[in-house]
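**Student:** Model the full assembly from the supplied sequences, consistent with the hints where possible.
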Amino acid sequence: MTPIRVMIVDDVQDTREDIKRLLYFEEDIQVVAEAGDGIEAVSRAKEVKPDVILMDINMPHLDGIGATGQITLDVAESAVIIISIQGEQDYLRKAMAAGAGDYLVKPFSSNELSDTIRRVNEAHKKRSTLLSNLKGGDLSSPAKPQSQTITFFSTKGGMGKTTLATNLAVYLAAEQRKKVVILDFDLISGDTAILLNISIKSTVADLVLESEDLSFTLVNSFLVPHMSGAFLLPAPLTPEQAELVHPEQVKQILSIFQESFDYIIVDTAPVYNDINLKVLEASDLILLVLNQDLTTLKHTKTALDIFKTLSYLSKTRLVLNQYGKGGLKLADIEKALKLSMTAIVPEDTNTVRNSINKGTPFVIGQRQGQMTGAIKEMISKVGLPVEEEVEKTGVNNSVFTKLLLKKRSTSPGS
Numbered sequence: 069m070t071p072i073r074v075m076i077v078d079d080v081q082d083t084r085e086d087i088k089r090l091l092y093f094e095e096d097i098q099v100v101a102e103a104g105d106g107i108e109a110v111s112r113a114k115e116v117k118p119d120v121i122l123m124d125i126n127m128p129h130l131d132g133i134g135a136t137g138q139i140t141l142d143v144a145e146s147a148v149i150i151i152s153i154q155g156e157q158d159y160l161r162k163a164m165a166a167g168a169g170d171y172l173v174k175p176f177s178s179n180e181l182s183d184t185i186r187r188v189n190e191a192h193k194k195r196s197t198l199l200s201n202l203k204g205g206d207l208s209s210p211a212k213p214q215s216q217t218i219t220f221f222s223t224k225g226g227m228g229k230t231t232l233a234t235n236l237a238v239y240l241a242a243e244q245r246k247k248v249v250i251l252d253f254d255l256i257s258g259d260t261a262i263l264l265n266i267s268i269k270s271t272v273a274d275l276v277l278e279s280e281d282l283s284f285t286l287v288n289s290f291l292v293p294h295m296s297g298a299f300l301l302p303a304p305l306t307p308e309q310a311e312l313v314h315p316e317q318v319k320q321i322l323s324i325f326q327e328s329f330d331y332i333i334v335d336t337a338p339v340y341n342d343i344n345l346k347v348l349e350a351s352d353l354i355l356l357v358l359n360q361d362l363t364t365l366k367h368t369k370t371a372l373d374i375f376k377t378l379s380y381l382s383k384t385r386l387v388l389n390q391y392g393k394g395g396l397k398l399a400d401i402e403k404a405l406k407l408s409m410t411a412i413v414p415e416d417t418n419t420v421r422n423s424i425n426k427g428t429p430f431v432i433g434q435r436q437g438q439m440t441g442a443i444k445e446m447i448s449k450v451g452l453p454v455e456e457e458v459e460k461t462g463v464n465n466s467v468f469t470k471l472l473l474k475k476r477s478t479s480p481g482s
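Numbering-wise (this note's numbering), the sequence shown opens with residue 69 and increments by one.
Treat the hints with caution; some may be incorrect.
Claimed, not checked - Capping the alpha-carbon separation at 30 Å, the derived lysine-lysine pairs in BS3-like fashion look like this:
id: 1; residue 1: K366; residue 2: K397
id: 2; residue 1: K114; residue 2: K224
id: 3; residue 1: K269; residue 2: K194
id: 4; residue 1: K426; residue 2: K269
id: 5; residue 1: K346; residue 2: K444
id: 6; residue 1: K376; residue 2: K397
id: 7; residue 1: K174; residue 2: K224
id: 8; residue 1: K193; residue 2: K269
id: 9; residue 1: K174; residue 2: K114
id: 10; residue 1: K426; residue 2: K346
id: 11; residue 1: K403; residue 2: K369
id: 12; residue 1: K224; residue 2: K193
What the hints assert, rightly or not - For each label pair, taking beta carbons as the anchor points, the in silico distance ranges come out as:
id: 13; residue 1: T306; residue 2: K88; range: 51 to 57 Å
id: 14; residue 1: E145; residue 2: S379; range: 46 to 52 Å
id: 15; residue 1: S279; residue 2: E145; range: 17 to 23 Å
id: 16; residue 1: G394; residue 2: D142; range: 53 to 59 Å
id: 17; residue 1: G427; residue 2: T306; range: 18 to 24 Å
Since the hints were derived computationally from the structure, they do not count as laboratory data.
C-beta atoms are modelled at their ideal positions from N, C-alpha and C, and glycine is treated no differently.
**Tutor:** What follows is the structure, encoded as structure tokens:
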């Protein structure tokens, strides 16, 4: 078996030696290079092209986050793991934005280090393979013909469907290692990029302006990767650009993605228009999101009547979101709709608000929280396969995730 080739970057030689000692007995991991600052790290990475780079944050000349950004752009073969004594959220966000695959806090054990290296290396290789295919690799045949298109729809804004759609997509990509694309087809006010903390330059509006012939290669070139492994096709930046996107183009985009992804997660606007009708028609599963108030109940009944007319009821599942005390009772809602809820997601305003404001989906930031549990239960209840791949590969031991679970206050330094 070819060992994982590792480069250690730290301005303290004793620290580099300590890390080498931690890895000494790992037969599948080999230290092939070292660097003492960010500039040297970039140069050595280009020369050696290691599989994984262990990168300290605070270094002279060019810090670890800056070096990570350059390496991510220039040395696609290498994955980066940030190492530091700093556990602040700001450093996590910067590391993620720069392209780091994970984050280790000193001191760490030999098992933590080696497990993280293996996991990040595996995830990076899978992501690189997918990106290669998306940019013009094997385009001759579908990668996953059993693709599922899952559309989130609600009858008005504020139901939380974007939060549910985003967290479902990230969970499927990060935890189940599925090929997932999120299509933000709320063309007037789509916010998926904000929830994912993704900076965007091009959107679906730019895509349709590029060419009337939407080829596989062209469409995939407009996707924006998220650190979870999911991809996003963002909504237009301004409301007037929504008019540039036509229903037939939406249908064509969906058809293209259905040839290359396991899951297409679609967020929609709360309207009945030609765009949404094309999306709903192409969907394998429609998750109709509602809350506990009377007006939502009224509009949901109307939606179900429309879906019945269009023969969509068989693929529609009701998701009661933000469920808590003070609203209509579950039994009364189900009686009025003459349907049972498929999934119930509890109200947890603080978790959701913090998740949105930080740009970190709660399935990453609070993996053991009740909201993540609700997403996992929703996956099961709507009929999607529940897999345990992550448990087997040890991702639940990710230090990166533990940091997101608990904000640590430490003094800067390395």
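**Student:** A separate judgement is required for each hint: does it hold in the structure or not?
**Tutor:** Here is what the structure says about each hint:
Only pairs whose Cα atoms come within 30 Å are accepted, and K366 paired with K397 is accepted, the gap being roughly 15 Å. Note on K114 and K224: the hinted pairing is violated, with a Cα-Cα distance of about 51 Å set against a maximum of 30 Å. Restraint check for K269 and K194: the C-alpha separation of about 25 Å stays at or below 30 Å, so the hint holds. Of the pairs offered as hints, the one joining K426 and K269 holds, with about 20 Å between alpha carbons and a cut-off of 30 Å not exceeded.
Distance restraint check for K346 and K444: the Cα-Cα separation of roughly 28 Å lies within the 30 Å cut-off, and the hinted pair is therefore satisfied. Using a Cα cut-off of 30 Å, the hinted pair K376 and K397 holds, with the two alpha carbons roughly 25 Å apart. The suggested pairing of K174 with K224 is violated, with an alpha-carbon distance near 47 Å, which exceeds 30 Å. With a CA separation close to 26 Å, the supplied pair K193 and K269 stays within the 30 Å bound.
For the given pair, K174 sits about 26 Å from K114 by alpha-carbon distance, which is consistent with the 30 Å threshold. Only pairs whose Cα atoms come within 30 Å are accepted, and K426 paired with K346 is rejected, the gap being roughly 33 Å. About 11 Å separates the Cα atoms of K403 and K369, which keeps this hinted pair within 30 Å; it holds. Between the alpha carbons of K224 and K193 the distance comes to roughly 41 Å, so the proposed pair goes past 30 Å and is violated.
For the pair T306 and K88, the beta carbons lie near 53 Å from each other, so the given range of 51 to 57 Å is met. The hinted window of 46 to 52 Å between E145 and S379 holds, with their beta carbons roughly 49 Å apart. Between S279 and E145, the C-beta spacing of about 31 Å breaks the proposed range 17 to 23 Å. Hint check: G394 to D142, Cβ distance near 54 Å, so the stated range 53 to 59 Å holds.
In this structure the hint that G427 and T306 lie 18 to 24 Å apart at CB holds, the actual value being about 21 Å.
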